[in-house]
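K.L.:
Each protein sequence line maps, in turn, to chains A and B. At position 173 of the first sequence (counting the first as 1) the number is 172 in numbering that gives the first Met the number 0, and the numbers step up by one without a gap. At position 523 of the second sequence (counting the first as 1) the number is 522 in numbering that gives the first Met the number 0, and the numbers step up by one without a gap.
Wrong hints could be hidden among the right ones.
As the list claims (entries may be wrong) - If you anchor each label on the Cβ, the simulated ranges turn out as follows:
#1 A:62 <-> B:542: 36 to 42 Å
#2 A:152 <-> B:78: 40 to 46 Å
#3 A:153 <-> B:381: 27 to 33 Å
#4 A:71 <-> B:75: 21 to 27 Å
#5 B:205 <-> A:54: 16 to 22 Å
To be verified - In silico BS3-like links for lysine-lysine, alpha-carbon gap of 25 Å or less:
#6 A:269 <-> B:175
#7 B:474 <-> A:35
#8 B:474 <-> A:269
#9 B:128 <-> B:175
Unchecked claim - With the Cβ distance kept under 7 Å, some of the chain A side facing chain B (calculated, not the full set):
#10 44
#11 56
#12 60
#13 64
Please keep in mind that the hints were generated in silico from the structure rather than gathered at the bench. Here the structure is a predicted model, which means the values were calculated and not measured. C-beta atoms are modelled at their ideal positions from N, C-alpha and C, and glycine is treated no differently.
Okay, here's what each chain looks like letter by letter:
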Amino acid sequence: MGKYLLRRILQMIPVVLGTTLLVYALVFALPGDPVKAMFGDKPVNQAVAAQIRAEYNLDKPFIIQYLLFLKNALTLNFGNTFAGQPVIDEIGRAFPVTIKLGLMAFVFEALFGVAFGIVSGLKKGKWYDSVILIVSLLLISVPTFVTGFLGQYFIGVKWRILPVTAGNDPGFIDLLMPAMVLGSASMAYVIRLTRSEVSSNIAEDYVRTARAKGMSNRSVIVRHVLRNSMIPVVTYLGQDLGGLMGGAMISETIFNIHGIGFLTYQSILKGESNMVVSIVTLLTLIFVVCNLVVDMLYAALDPRIRYA
Amino acid sequence: MKKKSLALLAISCSMAMLLGACGSSSSGGNSSAANDHTITAYLTEPNNPLVPGDTNETGGGKPIQLAFSGLIYFDAKGNSKNEVAQSITPNADASQYTIKLKPGWKFSDGSAVTAKTFTRAWSYVANVKNAQKCSSFFSTIKGYDDLQNKDRVKGDEQLSGLKVIDDQTFSVDMAKPDSTFLLRIGLPSFSPLPDAFYKDKKAFGEKPIGNGPYKVDKWDHNHSIKMVKNPYYKGGQTPQNNGITFKIYTTPDSAFADVQSGNLDVMDTIPDSAQKTFQKDSSVKPFNKPGSTIQMIDIPSYVEHFKTGTQEGTLRRRAISMAIDRKAIVDKVLGGLGKPARDFTSPLTPGFNANLKGVENIEYNPKKAKELWNQAEAISHDPNPFTISYNSDGGTKAVFDAIVNSVNNAIGSKVAQTTPIPTNQEFLKPIYDHTMTGAYRAGWAPDYPSAENYLFQNFASAAADGNGSNNEQYKNPKFDQFIDQAYTAKSVDAANKLYSQAQEILLEDLPGIPLYNKANVGVCSSKVKGYQMDWKSQPVYNELKK
Numbered sequence: 000m001g002k003y004l005l006r007r008i009l010q011m012i013p014v015v016l017g018t019t020l021l022v023y024a025l026v027f028a029l030p031g032d033p034v035k036a037m038f039g040d041k042p043v044n045q046a047v048a049a050q051i052r053a054e055y056n057l058d059k060p061f062i063i064q065y066l067l068f069l070k071n072a073l074t075l076n077f078g079n080t081f082a083g084q085p086v087i088d089e090i091g092r093a094f095p096v097t098i099k100l101g102l103m104a105f106v107f108e109a110l111f112g113v114a115f116g117i118v119s120g121l122k123k124g125k126w127y128d129s130v131i132l133i134v135s136l137l138l139i140s141v142p143t144f145v146t147g148f149l150g151q152y153f154i155g156v157k158w159r160i161l162p163v164t165a166g167n168d169p170g171f172i173d174l175l176m177p178a179m180v181l182g183s184a185s186m187a188y189v190i191r192l193t194r195s196e197v198s199s200n201i202a203e204d205y206v207r208t209a210r211a212k213g214m215s216n217r218s219v220i221v222r223h224v225l226r227n228s229m230i231p232v233v234t235y236l237g238q239d240l241g242g243l244m245g246g247a248m249i250s251e252t253i254f255n256i257h258g259i260g261f262l263t264y265q266s267i268l269k270g271e272s273n274m275v276v277s278i279v280t281l282l283t284l285i286f287v288v289c290n291l292v293v294d295m296l297y298a299a300l301d302p303r304i305r306y307a
Numbered sequence: 000m001k002k003k004s005l006a007l008l009a010i011s012c013s014m015a016m017l018l019g020a021c022g023s024s025s026s027g028g029n030s031s032a033a034n035d036h037t038i039t040a041y042l043t044e045p046n047n048p049l050v051p052g053d054t055n056e057t058g059g060g061k062p063i064q065l066a067f068s069g070l071i072y073f074d075a076k077g078n079s080k081n082e083v084a085q086s087i088t089p090n091a092d093a094s095q096y097t098i099k100l101k102p103g104w105k106f107s108d109g110s111a112v113t114a115k116t117f118t119r120a121w122s123y124v125a126n127v128k129n130a131q132k133c134s135s136f137f138s139t140i141k142g143y144d145d146l147q148n149k150d151r152v153k154g155d156e157q158l159s160g161l162k163v164i165d166d167q168t169f170s171v172d173m174a175k176p177d178s179t180f181l182l183r184i185g186l187p188s189f190s191p192l193p194d195a196f197y198k199d200k201k202a203f204g205e206k207p208i209g210n211g212p213y214k215v216d217k218w219d220h221n222h223s224i225k226m227v228k229n230p231y232y233k234g235g236q237t238p239q240n241n242g243i244t245f246k247i248y249t250t251p252d253s254a255f256a257d258v259q260s261g262n263l264d265v266m267d268t269i270p271d272s273a274q275k276t277f278q279k280d281s282s283v284k285p286f287n288k289p290g291s292t293i294q295m296i297d298i299p300s301y302v303e304h305f306k307t308g309t310q311e312g313t314l315r316r317r318a319i320s321m322a323i324d325r326k327a328i329v330d331k332v333l334g335g336l337g338k339p340a341r342d343f344t345s346p347l348t349p350g351f352n353a354n355l356k357g358v359e360n361i362e363y364n365p366k367k368a369k370e371l372w373n374q375a376e377a378i379s380h381d382p383n384p385f386t387i388s389y390n391s392d393g394g395t396k397a398v399f400d401a402i403v404n405s406v407n408n409a410i411g412s413k414v415a416q417t418t419p420i421p422t423n424q425e426f427l428k429p430i431y432d433h434t435m436t437g438a439y440r441a442g443w444a445p446d447y448p449s450a451e452n453y454l455f456q457n458f459a460s461a462a463a464d465g466n467g468s469n470n471e472q473y474k475n476p477k478f479d480q481f482i483d484q485a486y487t488a489k490s491v492d493a494a495n496k497l498y499s500q501a502q503e504i505l506l507e508d509l510p511g512i513p514l515y516n517k518a519n520v521g522v523c524s525s526k527v528k529g530y531q532m533d534w535k536s537q538p539v540y541n542e543l544k545k
């Protein structure tokens with residue numbers, strides 16, 4: 000077990016190095032000149048532009064820029080933004096908000112997704128199964144920005160049930176609507192996944208055997224059907240947690256949340272390679288860790304899976 | 000057993016994180032009710048530290064405008080009024096200015112505003128070593144060129160044209176006559192800086208010390224900039240409220256929703272989604288008056304078949320211009336929030352004349368347009384369509400589609416087409432490199448209220464070749480001559496007459512094709528009184544009341 004963990008952790012190093020190089024190259028390849036863009040539509044003072052370029056190493060060839068970034072990153076210095084703010088500070092401000100938002104969306108998605116999925120999987124064909132199916136289909140097909148704007152207008156502006164925007168140092172109530180909007184599409188997937196797993200497992204031979212041996216309905220469902228149905232669901236949820244962190248951009252912009260998604264978007268527009276690479280590296284780490292946790296959970300769910 | 004405990008650990012860890020996330024929740028929402036006479040206003044996160052000479056965008060520009068006072072300020076209509084200056088006296092040909100300061104002005108840290116705080120700050124911004132983005136505003140002062148060679152300056156050299164006479168007086172020698180200097184000094188980059196700035200620039204950028212009507216209390220990055228009244232302020236822009244708290248937003252849409260629900264007091268822009276409805280919305284007070292920005296399409300002088308000064312090029316330029324139904328575009332696409340352009344400036348610009356000679360060249364006349372185009376085709380056939388590029392991240396697609404439709408309806412299908420470019424940076428590159436093959440989106444928002452600012456920067460030969468915003472490389476000595484004459488004009492009126500004459504040349508040549516002046520639009524919540532927007536399309540913050 001320990002060896003397996005160590006091996007997985009060591010695997011992270013090439014993954015992270017590869018990602019940083021790739022992302023750095025992609026930002027570098029973006030057309031346009033970030034320094035000229037700083038002057039907006041106003042005249043560019045070439046001498047000042049050259050001065051700024053030298054300050055941010057933008058006058059050096061790509062590979063030198065990348066190596067300089069790596070060298071500094073090893074000493075935990077991720078450089079400054081064009082606004083003169085340390086990259087690490089910006090991420091430090093944005094990340095806690097996104098973690099809150101992502102985890103709230105995750106809980107929402109996992110709780111309601113699994114619960115509704117089980118209900119409709121066990122009672123296939125009942126009216127509430129049809130309702131759940133239709134609603135989940137709706138949530139999958141309507142894009143987040145539509146649910147977001149509709150929720151904001153009706154629940155926030157019209158009926159005044161929840162705050163319209165999250166704003167400064169958002170708390171649980173402020174983030175409730177954004178989290179539901181963010182998690183809604185994934186929740187619908189979880190419902191459908193759980194439903195199909197439960198309904199197919201319930202028809203398996205081992206369930207019939209268990210019932211024939213006189214097990215109570217409750218323990219058949221909880222100990223056999225659910226446990227087996229959860230493996231693909233847990234896989235999906237684990238992948239999705241990383242996705243929620245990185246993909247929160249749309250709900251962040253709608254609800255005025257200055258989180259990682261919005262920061263990434265703005266940094267790409269400004270061509271701030273240090274910032275983009277740092278964020279992506281962080282997200283990569285989250286993905287890798289989430290995957291590791293998922294693999295560990297498999298072992299708990301399925302006794303046949305062992306790691307050595 | 001081992002496996003199970005690990006799974007439990009993983010689950011309990013994630014539970015702990017969740018509880019932590021939920022536990023820190025606060026009531027949130029309506030926090031604006033507590034301090035009644037503080038106004039909350041819309042802002043985007045500043046792109047730069049809050050230093051006047053390094054700020055060239057509105058996110059940082061608004062707080063800077065409130066935190067610093069220069070020699071003069073502009074009132075809402077754009078008239079200049081003395082602020083720190085007692086008197087500004089030019090010599091006969093506007094090549095030297097003597098400036099006297101009012102006594103007793105202080106920065107918010109209590110230190111005195113002296114002649115030296117001005118000259119030292121101006122030299123700092125002009126010095127290339129300090130990489131200040133507004134440095135080129137100082138280019139007409141004597142000694143500017145010496146400070147532009149980065150290998151020869153250290154950063155603390157002074158502009159040779161600035162001389163401190165005594166604590167309250169200094170003189171400015173210009174490199175050449177410049178009557179616009181009288182207005183240029185109203186730019187925030189010409190503000191004085193206290194000694195504290197040079198001691199710790201980093202701290203200053205976070206919490207500047209100025210001499211304006213307000214001072215920065217706290218800049219909470221990505222959330223808010225809190226500004227309170229500056230007790231030392233003694234100028235003409237007395238605050239009518241207790242302070243301004245700028246709230247920083249990701250998008251105008253989210254800010255607009257906050258105004259609708261009473262969580263935000265004023266905003267000076269309207270999201271696209273609300274442009275058709277905001278004037279009928281009963282939950283907000285709308286503002287809609289003519290504005291000072293001009294939108295154009297520029298056709299570089301070097302584009303084949305469109306070269307300025309050639310008969311074919313002029314015919315084609317006029318044909319395209321007359322084929323554009325500006326009124327229909329303003330009414331249908333912009334929802335009426337604008338006015339068809341009548342010149343190369345705006346109706347708010349001093350000296351504006353809606354009926355200059357040649358204005359018919361920018362009026363809709365589809366029949367004439369077709370005629371002129373056919374004449375041009377007879378001179379030389381252009382096999383390629385006329386393209387108009389724009390950046391598609393700016394939300395202007397509808398306008399350019401409408402322009403192309405209008406041109407194609409008037410002259411003939413397939414004459415024009417749009418070329419959307421995904422990002423602004425990519426869009427700007429061929430413009431700066433002078434490798435465009437057609438027209439492109441252009442526009443100008445004035446830095447100070449004068450026609451000179453529009454005309455010189457966009458069309459003068461001295462602003463071409465990367466030295467200004469004349470990216471279309473238009474060079475016409477006749478035009479330059481009028482602008483140069485205006486620099487030595489004895490009065491503002493005399494200068495404005497010369498600017499009108501210069502514009503008549505532009506209306507002949509059409510180096511750019513003026514489209515429309517966007518309206519100044521904004522909203523405030525129903526509790527706010529005294530909302531108005533100035534010549535620069537910004538709210539007059541100090542006059543807001545609740």
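K.L.:
Hint by hint, which ones does this structure get wrong, listed from lowest number up?
P.N.:
Hints 1, 3, 4, 6, 8, 11, 12, 13 contradicted; others consistent.
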